[in-house]
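Build out the structure end to end from the sequences listed, making use of the hints.
Number of protein chains: 2
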Amino acid sequence: MHDAAPAPLVPANRTVFFVSDGTGITAETFGHSVLTQFELRFKQVRLPFIDTLDKAYEATRKINEAFVADGKLPIVFSTLVKADLSKVIQHAKAMHMDLIQTFVEPLEKELGVKSTHTIGRSHNTANTDEYKNRIEAINFSLAHDDGQSHKNLADADVILVGVSRSGKTPTSLYLAMQFGVKAANYPLIPEDFERDKLPSGLLPFKQKIFGLTIAADRLSEIRNERRPGSKYAALTNCRYEVNEAEKIMRREGIRWMSSTTKSIEEIAATILQDIKPDIRTF
Amino acid sequence: MHDAAPAPLVPANRTVFFVSDGTGITAETFGHSVLTQFELRFKQVRLPFIDTLDKAYEATRKINEAFVADGKLPIVFSTLVKADLSKVIQHAKAMHMDLIQTFVEPLEKELGVKSTHTIGRSHNTANTDEYKNRIEAINFSLAHDDGQSHKNLADADVILVGVSRSGKTPTSLYLAMQFGVKAANYPLIPEDFERDKLPSGLLPFKQKIFGLTIAADRLSEIRNERRPGSKYAALTNCRYEVNEAEKIMRREGIRWMSSTTKSIEEIAATILQDIKPDIRTF
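Chains Z and G supply the protein sequences, listed in that same order. Using this note's numbering, you'd call the opening residue of the first sequence number 1414 and step up by one each time. Using this note's numbering, you'd call the opening residue of the second sequence number 1414 and step up by one each time.
Take the hints with a grain of salt, since some may be wrong.
Pairs of lysine to any residue, SDA-like flavour, derived with a Cα cap of 25 Å [claimed, not checked]:
#	chain 1	residue 1	chain 2	residue 2
1	Z	K1564	G	L1520
2	Z	K1522	G	H1445
3	Z	K1522	G	K1456
4	Z	K1456	G	E1523
5	Z	K1468	G	K1495
6	Z	K1621	Z	E1657
7	Z	K1468	G	T1673
8	Z	K1522	G	P1424
9	Z	K1475	G	L1520
10	Z	K1527	G	L1486
11	Z	K1644	G	A1556
12	G	K1500	Z	E1523
13	G	K1495	Z	K1485
14	Z	K1456	G	I1688
15	Z	K1485	G	L1486
16	Z	K1456	G	T1515
17	Z	K1475	G	E1521
18	G	K1475	Z	L1524
Bear in mind the hints are in silico, worked out from the structure with no lab data behind them.
Encoded structure:
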């Protein structure tokens, strides 16, 4: 589904605002997933840390300015938790999409409790155990990038293997950063193919290994950007490496997937499903 | 606002589902920001890649099972784009919070165009320029982690400086991964304090430097986890390093912030505001 090039977007001459009392990342993620349903291109303004009335009035002014400039209602995606700030923004001339107001009130009824209407209990907050786990996982994944260290591989949640440039490093870091998963990664290199075996340091951890493969022509393209015209990047060499790597993974019974047309997010989500971490409670 | 320990959560004995035809990350981010408004602990189940009718029926079955087991309506956060899949899930006994249905329809009216109702135009999709920029930024940030390389510092969007363990590495990687920002990072070390100068390789790029500082007692805590009882981790040494680093940053007129009680997301959002990248259109 990702093979086709995206259709060119039509300029909408309209401004979109992401307004938040925190980092704005939720507002932006939320807004993007809604807006990508339209083949239009928008001007985009991020207004994070709107956490006082003064800042809310200032944000309202900016939204109204965009209305005047565009001659069209701006679209405001907001995640303001405090009702008084939210009320100020609602006065701006815009189409308002408020994540909190829309969903929190019905949920209060269903759960039979009032919401706290405070920020600071976010799961991304510093000094919580979940946050510390994420930082620890990032450090682990960095220390175990590209087969740098065999130390503490027993602590890894998953060990990614695959040829150089198959997507192991960004996937490991994403798993660590987003999910607190300790993801090591280990390249399969020509020496492994000659021996036709997994690197011996990995054998005790076979059940934690997950393989990434990639179409040889795509691999050659990626490697050519880095080392143009090299043997490393040559299509014949890429074909050889990919074939050998797949042969080893198949024979060793390792779970694997192709990263060719997948984003990091998709690869990570697939791996997560597969390594089935315990259902988290929060 | 993040200093206080979070209040202990009351178990809600209720299951939350994140249902998506993609990775489920948007559904989960969206759900978390709504649920963190409640001081309740939920069982949490991620159901990504629900992209066929069969999978939608299977997901519905799981949701209904949770209803029977809990004796309470499960809460379903969904981002299913295709109406037929969404309709199947809507039949599950649950409280439904559908990001797409709730916001896309009103937006169709305002914009005067139909939504594409297709997935695959996500900005996280592989093979788009934005995606390639993100991968390139991750590679750049890794290559320029911890002052590893002076090469191509001219290409950096930002250069983070600060004492060891002030949060530079995770912040750099987050900026790269989430925003495609090429973030180098450079430690300020005792040699710099003795010379009382910024590392000379950084001087040509002073306008791109952003400093991170951290409270000495917190720094000592973090370093003690890594090297217990070392001089490196001792409070007096941490105090000295932090003071010296702040002195250099102040004198050089470098913008800086404290990472002590901030999450990576908050630090990154603050830096982004400060380096003011051009407003992106999408």
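Can you confirm whether the C-alpha distance between K1621 (chain Z) and E1657 (chain Z) stays at or below 25 Å?
Answer holds: K1621 (chain Z) to E1657 (chain Z) is near 20 Å, not above 25 Å.
Do the alpha carbons of K1475 (chain Z) and E1521 (chain G) lie within 25 Å of each other, as the hint requires?
holds, 24 Å
Between K1456 (chain Z) and I1688 (chain G), is the straight-line Cα distance small enough, at 25 Å or below?
Since the Cα atoms of K1456 (chain Z) and I1688 (chain G) sit roughly 19 Å apart, the hinted pair holds (cutoff 25 Å).
Holds or violated: K1522 (chain Z) to P1424 (chain G), with C-alpha atoms at most 25 Å apart:
holds, 17 Å
Holds or violated: are the alpha carbons of K1564 (chain Z) and L1520 (chain G) at most 25 Å from each other?
violated, 53 Å
Satisfaction of hint between H1445 (chain G) and K1522 (chain Z), Cα-Cα up to 25 Å:
holds, 18 Å
Verify the proposed pairing of K1527 (chain Z) with L1486 (chain G), using a straight-line Cα cut of 25 Å.
holds, 18 Å
Against the 25 Å threshold, does the CA-CA distance of K1522 (chain Z) and K1456 (chain G) hold or violate the hint?
OK: K1522 (chain Z) and K1456 (chain G) at ~19 Å, within 25 Å.
Against the 25 Å threshold, does the CA-CA distance of K1456 (chain Z) and E1523 (chain G) hold or violate the hint?
holds, 16 Å
Pairwise hint evaluation, T1515 (chain G) against K1456 (chain Z), where the allowed Cα distance is 25 Å at most:
holds, 23 Å
Given the hint that K1468 (chain Z) pairs with K1495 (chain G), does the C-alpha gap stay at or below 25 Å?
Since the Cα atoms of K1468 (chain Z) and K1495 (chain G) sit roughly 38 Å apart, the hinted pair is violated (cutoff 25 Å).
With the threshold set at 25 Å, check whether the alpha-carbon distance from K1485 (chain Z) to L1486 (chain G) stays at or below it.
violated, 41 Å
In the structure shown, a violation is registered for the earlier hints numbered 1, 5, 13 and 15, in ascending order.
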